[in-house]
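Peer 1: My request is simple: use the sequences and hints to build the entire structure.
Protein chains in written order, with the UniProt record's numbering: chain A, 1 to 478; chain B, 1 to 97.
Note that these hints are calculated values from the structure, not bench results.
Keep in mind that the hints are not guaranteed to be accurate.
[Stated by the list, open to error] Derived PhoX-like pairs (lysine-lysine); straight-line CA-CA distance at most 20 Å:
#1 A/Lys392 - A/Lys462
#2 A/Lys173 - A/Lys222
#3 B/Lys18 - A/Lys81
#4 A/Lys343 - A/Lys396
#5 A/Lys187 - A/Lys216
#6 B/Lys86 - A/Lys131
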Amino acid sequence: MTKQYETVIGLEVHIELATKTKIFCGCSTEFGGAPNTHTCPVCTGMPGSLPVLNRQVVEYAMALGLATNCQITQVCKFDRKNYFYPDNPQNYQISQLYLPIARNGYVEIESGAEKKKVRIHEMHMEEDAGKLVHDEWDDTSLVDYNRSGVPLVEIVSEPDMRSADEVIAYLEKLRMIAQYLGVSDCKLQEGSMRADVNLSVREAGTKDFGTRTEMKNLNSFKAIAHAIEGERERQIELLEAGKEVVQETRRWDDNKEHSYAMRSKEDAQDYRYFPEPDLVPIVISDEWIDEIKARQPELRTEKLERYRKEFDIPQYDAEIITESKKMADLFEETTAICGKPKKVANWLMVETFRLMKDNGMEADDLTFSPANLARLIDLVDAGTINSSVAKKVFEKIFSEDVDPEKYVEENGLKMVNDEDALRETIENVIAANPQAVADYKGGKEKALGALMGQTMKAMKGKANPGMVNQMLREMLQS
Amino acid sequence: MANRISDETIEYVGILAKLELSDSEKEAAKADMEKMLDYIDTLNELDTTGIEPMSHVFQVSNVFREDVVTNGDSREEMLANAPQRKDDSFEVPRTIG
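Peer 2: Okay, here's the thing in structure tokens:
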């Protein structure tokens with residue numbers, strides 16, 4: 001009989017904060033600049049340079065801590081984590097070990113039908129490292145320190161997750177909170193959200209944890225799910241063969257769908273932390289915490305509650321729309337202009353989601369303005385354009401944010417309500433389709449659809465469908 | 001009270017510090033480290049009950065800067081300190097983590 005195993009997973013999540021400048025210097029954090037254009041003596045670790053803490057980093061970290069039910073450490077400080085690697089110009093990373101900014105929190109995740117708490121052990125502030133590019137031909141590596149000193153918050157969870165689904169639900173929850181707070185855009189692909197997975201397996205029903213491994217280099221939800229499945233299988237195979245799991249750091253290769261051991265004994269993980277002497281302690285008063293709380297924007301749960309009271313839209317719609325802050329903002333701003341929440345919700349949930357999917361975009365990538373969507377909805381309601389033309393116009397709004405009124409005018413897309421023009425077209429269609437006419441008269445209601453289609457096509461899609469339908473029926477009676 | 005640093009310890013510290021020491025350098029380093037530890041032992045003789053641990057030598061806290069970009073593109077000055085450069089990057093021996 002085969003044994004049943006349980007997977008035990010804890011996560012270390014790094015979130016890059018959306019500050020304008022780095023954590024300890026006035027260099028820009030902008031993504032994608034030419035190499036080393038955002039550097040100074042502080043973030044390149046020049047001797048004698050002095051780091052000074054960015055206040056916004058502390059406030060963002062506090063906001064994240066509060067939104068995840070953590071206790072804020074009211075006297076907190078920085079420590080040096082020592083290691084040698086060329087992406088780290090100081091030979092130490094300024095981080096927090098002894099007194100991290102926040103501790104003992106939790107977030108609630110939904111996994112299947114059940115709600116579950118994932119506890120947060122601690123949250124600390126630290127600086128990011130530079131980027132290494134390896135030269136394939138030369139035996140050298142090139143270092144770009146633009147990212148060196150970009151502020152990060154590392155969120156360390158307790159080993160409370162049991163499956164890849166729970167891990168992804170947890171990450172999505174953290175991402176949603178960070179985006180709602182405006183503290184990070186959390187883009188996995190760009191590295192502004194990164195996760196290291198600590199995983200062990202144990203026989204179902206046992207209390208002791210197995211030996212865990214840590215996996216790095218996971219930059220998509222798909223890679224995370226694959227790596228978890230792969231590592232679970234690998235550890236179970238070892239145990240089944242009577243071998244032991246070695247505690248080590250493994251690097252996941254998503255192309256090969258395989259992980260391999262990353263660090264050898266030569267690179268022992270002994271960081272010899274000590275207090276950072278160049279930075280003074282941070283003392284956080286009750287008043288400062290209250291101020292951050294007061295400034296906290298409405299989070300999703302509160303938003304859902306308000307939508308229920310304020311807007312006449314189904315709960316399902318509200319849940320889909322509030323999954324991202326950007327979508328919720330678009331919904332609220334468009335509704336404020338046109339006053340038609342259900343119609344706005346439909347445009348967002350159907351056409352917007354469809355086009356996002358087609359273009360591989362996320363809500364944060366949307367660039368069209370609420371005013372133009374509101375105008376489009378009004379044009380349809382006023383009968384200026386029909387709904388199939390509206391979909392085409394929306395594609396233009398989606399891609400180029402065109403003003404729909406102007407666009408409809410310039411392209412002659414107005415709905416044709418002209419009875420004479422319609423009558424003439426319908427007469428032609430009836431004359432050209434004797435079979436469909438005979439079918440309809442013989443009782444086949446479906447044949448009307450074909451005639452409608454022909455008429456709409458002849459009118460280049462701009463006819464008023466209600467009028468066409470009615471006139472067709474009347475003219476077929478005679 | 002004399003502290004003793006073993007050969008294994010000095011070897012390990014050498015690995016962490018990425019230093020290759022000759023035998024005589026190892027002996028010298030051992031003697032220095034033993035003296036440092038002895039000094040800490042001296043400090044430990046003091047009775048510190050009731051004294052709050054000090055986290056910083058100055059009685060100063062909350063020194064911040066505002067989140068405003070003050071630095072421009074100073075890559076030339078930064079790269080002037082690079083032992084080796086290639087285009088606009090620091091060039092280092094091939095390193096893979």
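Peer 1: Against which earlier hints does the structure fall short, listed by number upward?
Peer 2: none
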